[in-house]
Amino acid sequence: MNERIAITFTLNRRETSIEVDPADRLLDTVREDLRLTGTKEGCGEGECGACTVYLDDLPVNACLIPTFQVRGRRVDTVEALEPASLDTLHASGATQCGACTPGVAMTGRWIIDHPDLLERHTIRALMAGNLCRCTGYDGIVEGIEAARAPNDRTGDAD
Amino acid sequence: MKRREGLSKLTGRERYVDDDRIGDGLWVATVRSPRSRGHLRGLRFPATPGVDWSEVVVLDHRAVPGSNVVKLIADDQPVLAHEVVRHRHEPVALVAHPSRRVARRAADAVVVEIDPETPALDFRTPPQAEAVQRGPDNVFTRLAIDKGDIDAAWDRAARIVEGVYETGAQEHVYLETQGMAAWVEEGPDGDVVVVRGSMQCPYYVHAAMMHALDRPAERVRVIQAPTGGGFGGKEEFPSGVALHAALVALATGRKTKLIYDRGEDLAATTKRHPSRVRHRTAVDEDGRLLAQDIEVDLDAGAYLTLSPVVLSRAIIHAAGPYACPNVRIRGRAIMTNSVPFGAFRGFGAPQSLFAVERHMDRIAATLGLDPVAVRRINLLRDGETTATGQTITDGSDRHGLLERTLAAVDWTAKQAAHRAFNAVEPTRRRGLGLATVFHGAGFTGSGEARLASVVHVAGLPDGRIEVRTAATEMGQGTLTIFTQLVCGRLGVAPDDVVIADPDTQRVPDSGPTVASRTAMIVGRLVERACDDLRSTLGLDPGEPGSAVVDAVRDWHRAHPGEDLLGIARYQPPPGIRWDDETYRGDAYPTFAWAVCIAEVEVDLTTYTAKVLDFVSAQEIGRVLNETLARGQIQGGTVQGIGWALLEDVVWEDGGMANAQMTNYVIPTSDDVPPIRVLFEEAPFPHGAQGAKGIGELPMDGPAPAIANAVTAALGVDADRIPLIPERIMDLLLDQPVAEETA
Chain A
1 MNERIAITFT
11 LNRRETSIEV
21 DPADRLLDTV
31 REDLRLTGTK
41 EGCGEGECGA
51 CTVYLDDLPV
61 NACLIPTFQV
71 RGRRVDTVEA
81 LEPASLDTLH
91 ASGATQCGAC
101 TPGVAMTGRW
111 IIDHPDLLER
121 HTIRALMAGN
131 LCRCTGYDGI
141 VEGIEAARAP
151 NDRTGDAD
Chain B
1 MKRREGLSKL
11 TGRERYVDDD
21 RIGDGLWVAT
31 VRSPRSRGHL
41 RGLRFPATPG
51 VDWSEVVVLD
61 HRAVPGSNVV
71 KLIADDQPVL
81 AHEVVRHRHE
91 PVALVAHPSR
101 RVARRAADAV
111 VVEIDPETPA
121 LDFRTPPQAE
131 AVQRGPDNVF
141 TRLAIDKGDI
151 DAAWDRAARI
161 VEGVYETGAQ
171 EHVYLETQGM
181 AAWVEEGPDG
191 DVVVVRGSMQ
201 CPYYVHAAMM
211 HALDRPAERV
221 RVIQAPTGGG
231 FGGKEEFPSG
241 VALHAALVAL
251 ATGRKTKLIY
261 DRGEDLAATT
271 KRHPSRVRHR
281 TAVDEDGRLL
291 AQDIEVDLDA
301 GAYLTLSPVV
311 LSRAIIHAAG
321 PYACPNVRIR
331 GRAIMTNSVP
341 FGAFRGFGAP
351 QSLFAVERHM
361 DRIAATLGLD
371 PVAVRRINLL
381 RDGETTATGQ
391 TITDGSDRHG
401 LLERTLAAVD
411 WTAKQAAHRA
421 FNAVEPTRRR
431 GLGLATVFHG
441 AGFTGSGEAR
451 LASVVHVAGL
461 PDGRIEVRTA
471 ATEMGQGTLT
481 IFTQLVCGRL
491 GVAPDDVVIA
501 DPDTQRVPDS
511 GPTVASRTAM
521 IVGRLVERAC
531 DDLRSTLGLD
541 PGEPGSAVVD
551 AVRDWHRAHP
561 GEDLLGIARY
571 QPPPGIRWDD
581 ETYRGDAYPT
591 FAWAVCIAEV
601 EVDLTTYTAK
611 VLDFVSAQEI
621 GRVLNETLAR
631 GQIQGGTVQG
641 IGWALLEDVV
651 WEDGGMANAQ
661 MTNYVIPTSD
671 DVPPIRVLFE
681 EAPFPHGAQG
691 AKGIGELPMD
701 GPAPAIANAV
711 TAALGVDADR
721 IPLIPERIMD
731 LLLDQPVAEE
741 TA
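First to last, the protein sequences are chains A and B.
Per my numbering: the first sequence = residues 1 to 158.
Per my numbering: the second sequence = residues 1 to 742.
Hints listed in this document are in silico derivations from the structure and should not be mistaken for laboratory results.
Errors might be hidden in some of the hints.
[Claimed, not checked] Label-pair distances were calculated between CB atoms; the ranges are: (1) A:Thr16 x B:Asp52: 56 to 66 Å; (2) A:Ala23 x B:Asp563: 44 to 54 Å; (3) B:His399 x A:Glu32: 39 to 49 Å; (4) A:Ala23 x B:Gln735: 46 to 56 Å; (5) A:Arg148 x B:Asp52: 48 to 58 Å; (6) A:Ala6 x B:Asn663: 56 to 66 Å; (7) A:Glu32 x B:Thr48: 40 to 50 Å; (8) B:Arg553 x A:Ser85: 17 to 27 Å; (9) A:Asp33 x B:Arg62: 30 to 40 Å.
The model shown is predicted, which means the values in this text are computed figures rather than measured ones.
For every residue, glycine included, the Cβ atom is placed at its ideal position computed from N, Cα and C.
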């Protein structure tokens with residue numbers, strides 16, 4: 001129906017070339033064309049954060065990015081995360097149903113990897129773009145805190 | 001034990017229904033009614049850019065081979081509307097196309113022609129004559145509880161306290177929307193219609209498919225896919241989604257997938273029943289309850305769904321966890337032309353507990369007592385009876401739970417601090433609110449005996465143990481808890497335990513995953529099936545797990561090709577008596593108990609209420625896994641905070657006008673404080689390892705605790721939720737905040 005556009009970008013550290021429809025969202029491209037289904041659609045309108053990916057190292061909602069706009073840029077999805085880097089989130093109960101979880105893991109790791117942010121913002125404020133309906137957020141916040149200070153923690157003191 | 005599938009979810013490897021390819025299959029989309037009520041005249045297919053109608057599969061009610069009914073309690077809800085529509089967004093037809101985008105566009109383009117009729121839209125007022133559609137007054141169901149003689153109590157009362165309390169609809173907002181894949185495969189007795197998707201109750205879907213597709217059990221197969229949240233929203237609703245996906249698969253022979261987008265999911269799926277509850281209570285001068293007269297009305301929406309059962313749980317909890325000798329409760333589920341209301345965590349109890357807990361504070365205020373005093377004097381003591389006459393002797397220390405929760409916030413000192421704060425702060429007010437609640441665990445009354453759930457535990461040829469139940473994992477921790485129970489019972493290692501996917505071809509009907517019953521009831525059956533397996537193997541209870549694994553392997557060498565099964569079937573605990581006719585007796589095998597205290601601050605400039613601190617003390621029998629249990633309480637509490645303060649369904653002709661996550665607002669991490677959870681354990685001897693139900697209890701306390709805190713902060717009665725800023729503004733403009741004099 002529409003003329004397709006050929007683009008090349010870096011996806012999870014590998015150069016990737018693909019033809020896309022001008023209306024394709026980055027979310028559709030990674031999930032349906034490139035079969036990276038770890039990125040989830042929660043709302044399709046940039047509210048819930050389930051589709052969080054990194055665009056040039058910044059977390060963004062993949063449902064709000066037209067794919068042709070990532071030409072020549074770097075995109076990383078949840079598949080690029082080291083499983084071991086998520087251990088504290090696993091232990092703290094950061095995931096329940098799992099539908100928001102890849103997005104939570106992406107934003108959570110980004111906070112952990114940018115500790116200077118916490119000089120001016122709380123974890124709760126930084127996580128507010130990722131809606132979770134299961135955990136009440138405590139398990140998520142504690143998992144991020146534990147990853148920042150792995151030696152200070154002995155468990156979950158209520 | 002850590003959540004078994006936790007890393008798979010964190011890394012995005014868990015495969016939900018929308019993560020599977022359908023190859024050259026068809027995407028299905030649903031054509032819906034634009035009107036709340038009317039006569040269906042027909043469909044039109046206008047020329048639409050991007051849609052070639054010759055490529056679009058279109059089905060209506062004539063495609064339903066069996067009875068055009070989504071089977072549940074009553075046969076009143078069609079799979080696809082025929083002749084009449086009874087609510088907005090009611091499914092009228094299905095379209096399908098190889099492109100997801102084209103299918104969606106086609107569904108949006110179909111014009112549904114309707115001759116409108118007068119709808120009933122407000123359950124709180126009697127319907128106009130031309131809006132009556134069920135019986136004389138649109139009442140679907142009436143239920144009653146009577147205890148003692150309330151009429152004799154009014155004359156003896158020091159005071160009679162009256163109040164009316166209302167709660168709004170609430171959307172589940174599970175983060176994974178409704179979704180189902182369907183296909184047809186060959187079986188030994190002919191073709192088999194298969195669905196795989198997001199659901200809580202595979203056997204509910206199975207029964208609905210047998211009925212509407214007119215097929216025997218063995219020619220329908222239902223498989224639960226990993227499910228991204230349910231909260232009751234995937235209890236009964238997925239049956240219709242499954243039928244829609246299956247009808248197109250049957251008609252075309254192709255694999256199909258039907259995934260709701262968020263707007264459709266918000267608008268068209270069930271929600272928590274709106275409620276209005278009236279209390280009239282006789283009390284003595286100390287606040288002791290002498291008589292409770294309670295009317296509970298629920299908006300059921302256009303079809304019955306599970307409303308009678310929701311109403312049942314609502315009235316059983318309506319008198320609160322208090323000992324009152326004289327109680328009269330009348331409940332009604334009322335039909336309106338709204339999107340049907342259905343199961344949602346708590347299942348009627350949060351609505352009626354909101355009312356009674358707000359009312360307890362009104363009683364205290366009327367008598368000039370502290371809210372704590374009316375709880376201390378009335379909270380059930382051992383040997384006292386609930387509204388249905390159930391004697392409480394479960395080993396729980398309810399009064400101790402109350403005192404320890406008060407101590408956790410330093411109630412009296414905190415109240416004094418708030419008085420001082422409110423006296424000097426020009427634009428902020430703080431308050432503390434208390435709620436003492438209970439939640440009946442498992443099915444009501446004789447429900448579990450009727451279900452007669454069955455669980456199998458199989459020994460596999462390689463020595464591993466496979467748990468076969470229909471209990472689903474939707475985030476609450478079923479896979480982990482069952483693994484723990486098998487390890488505890490048989491001594492095997494977690495890696496030796498497999499939890500079978502809920503697939504009606506492989507697992508017995510262990511009942512639906514609802515009513516906080518999975519760990520307590522199905523978990524207990526898993527333990528008993530383990531015992532049965534052990535005895536089949538001729539092993540003593542003392543034998544270690546390695547001996548069990550060896551014995552399973554040896555058994556298979558001796559019985560090649562056979563199934564090694566331990567089997568358990570539900571048996572009610574002894575001494576439980578319940579009368580479905582009179583609503584007298586033991587409504588539940590046991591109750592779980594909670595005390596919640598909320599500290600709230602209201603901003604008088606923005607009229608925003610914010611929870612500063614929340615303590616939730618829970619007596620839930622044995623805590624099987626502290627991280628999972630804490631997650632249930634914290635998550636349920638935050639859902640309760642959303643229901644109390646943020647989540648407002650805006651209605652327009654019986655449909656949700658704000659069906660977007662942009663303007664139906666659920667709590668973010670920045671909207672809520674850390675939820676402080678305290679556990680106390682009074683093991684329930686008939687639950688797995690002593691566990692009671694836990695999933696729903698945390699939904700009961702937050703809303704009344706918060707409304708009581710807002711009332712304490714502002715000095716005006718916050719009797720309706722959600723307490724969105726607009727409503728708080730109305731409350732204050734109606735009744736300006738008194739100047740504080742500390």
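Quick rundown of the hints versus the structure:
no.: 1; hint: A:Thr16 x B:Asp52: 56 to 66 Å; verdict: violated (32 Å)
no.: 2; hint: A:Ala23 x B:Asp563: 44 to 54 Å; verdict: holds (52 Å)
no.: 3; hint: B:His399 x A:Glu32: 39 to 49 Å; verdict: violated (58 Å)
no.: 4; hint: A:Ala23 x B:Gln735: 46 to 56 Å; verdict: holds (53 Å)
no.: 5; hint: A:Arg148 x B:Asp52: 48 to 58 Å; verdict: holds (55 Å)
no.: 6; hint: A:Ala6 x B:Asn663: 56 to 66 Å; verdict: violated (38 Å)
no.: 7; hint: A:Glu32 x B:Thr48: 40 to 50 Å; verdict: violated (23 Å)
no.: 8; hint: B:Arg553 x A:Ser85: 17 to 27 Å; verdict: violated (38 Å)
no.: 9; hint: A:Asp33 x B:Arg62: 30 to 40 Å; verdict: holds (37 Å)
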